[in-house]
Amino acid sequence: MLREFEVSSIEAGYFAEWPWLPNASALTTPVALPNLRTLTLQHTPFKWSSPMLRNLHILNLRALPTTHLPLDRILAIIANNPQLQSLALHFQGVLPAVLPLSPLTLPHLKTLCVGGHYHLTTILDNLVLPSLTALTLDIEARDPIEDAISSLLVRSNRPPLEHLAIAYSANPSHTAAAVAAAAFYYGPGGMVITWSQLLADLPELKSLRVGGTALEPLLSALAPPDDDALTGLNPGPLHPPQPNPVTTILGVVSGVAVGGSSASGQGWTWACPRLEILGLRSCHAHSEGVNKLVQMVEARNPPSSSSNSSNNGNTGVTSSIVVTPVRLRRLEMHNCTNLGEDVLKWLDGRITEVICTEPIVERYFSPFFPLSSY
Amino acid sequence: MPLDIEIFLRVARPKLPSLDLSSSKGVRRANASSMTPLAPAWNPAYTSHHPSSSHYYLAHSTAGNVTVVMPPSPSGPHFETWGTERPIVVPRASLHWGHIAFFYLVEQMHRWQRFVFRFDKQFPSMGALKSITGRFFVASNFLHSDLALFVIQVMLLC
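Those sequence lines, one after another, are chains A and B.
Heads up: the first sequence begins at 1 in our numbering, then just goes up one per residue.
Heads up: the second sequence begins at 1001 in our numbering, then just goes up one per residue.
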């Protein structure tokens, strides 16, 4: 009978002994829940081997901060639900694996959200997700996370990822101070150093939401290809662009210097040509940040008068070579930098939806020099 | 008849008309527009792109909405930090409403098709959740034609 069960608390409270169904043992409590497909438990106690955590299609677990599961048991929870379509896991306390981990394929998983302890990156490293379209990561960053994402995509045979969010959780219960403290202790959750390579691997991406990263490298990676090559701000290809007859022709068509689309995918074509939504939260800018933003928008959203609507309607994606990216439809910037009235107005003229909130604190923690504010 | 149960336990904001305790006796009809979904915006799973919150709208479409407005919580030893400054006259029902509600809900557990319970913070009778055990989920034959939707919105006034 029971198809969906949810108990969610916003507050992470204290639960002593809590003998309820999610804590039941499969051995002592034979529970028949053959139709349960959707389960959400947030800030409530549960047992990793509970009979509730079986054969689910949608699972959303936000463990209590006092819960400390080893990685292999977290992976076992996932393994007990091979038909998962949507999975959200948030664990603040995670212990290293006791039993050895083995790769796990979830053929139907479309949506994955992982947040909390930095050990959870290891969970990512053991998943194969050929159907993945949306990935949300709010993992405390100890190491740059782009390698984990890239290897997940490669291992999963490059699923058509359309939505990517890194350290963007809009948690109102996190005050600015808490966010700053997290950045102080762990570095920002969105620690990504080399955006160009990661984004070049995401041709289907429609929305990108990022928190706590430096603005310039990200915007440079989204900028026109020639910008990348000329400014050399990014750790671009180590080798010079190899002229390629096909891409050279297309490069002429698009009016930009398109180099060889190298196998390593490093920025000689537009990154994320289908990108429509860009969200930035607490992305601090250095001197060039606003310039980079304007350049990127100028390139992706040229003035409406000169833009050929039929051209834009065609998306401009032919085979793997991009001629023109689609226009950005929505830009959100929260606590990033003071753009100024003029820049905001200009952005408003180019992008359908612009949502911008000014920084709460003037000086934000730098991820590279977290102590500099102290 | 299967049951679709939603219980949202929210901390009422001050200056809401529902603060009028004289109207808090018993059960009254909810104004559908007053029942805004309890959007767990803090949850990345909800705030992200996938429209998983479709079931919130059930609350607006049903005629069976019930809003239970509870008197203020007592400030027991565990809940002192919640600090209500008003003088408190605590009816016993406010201590035990969870047990009372769950007593009846759990009795019908074999009819549960969907159970959703969201709350802002811990409350005195939260132990009633422990009554959700597996023993009531016995296999039984039901006609799946009808679905009763019970939406209970509990306001915890602090």
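Quick caveat, the hints were computed from the structure, so don't treat them as lab data.
Accuracy of the hints is not assured; some may be wrong.
As the list claims (entries may be wrong) - Listed below are the simulated BS3-like cross-link pairs for lysine-lysine, each with C-alpha atoms no more than 25 Å apart in a straight line:
1) B:1121 x A:47
2) B:1130 x A:47
3) A:110 x A:206
Comparing the hints with the structure gives:
1. B:1121 x A:47: holds, 21 Å
2. B:1130 x A:47: holds, 14 Å
3. A:110 x A:206: holds, 15 Å
Hint compliance for this structure: every hint is met.
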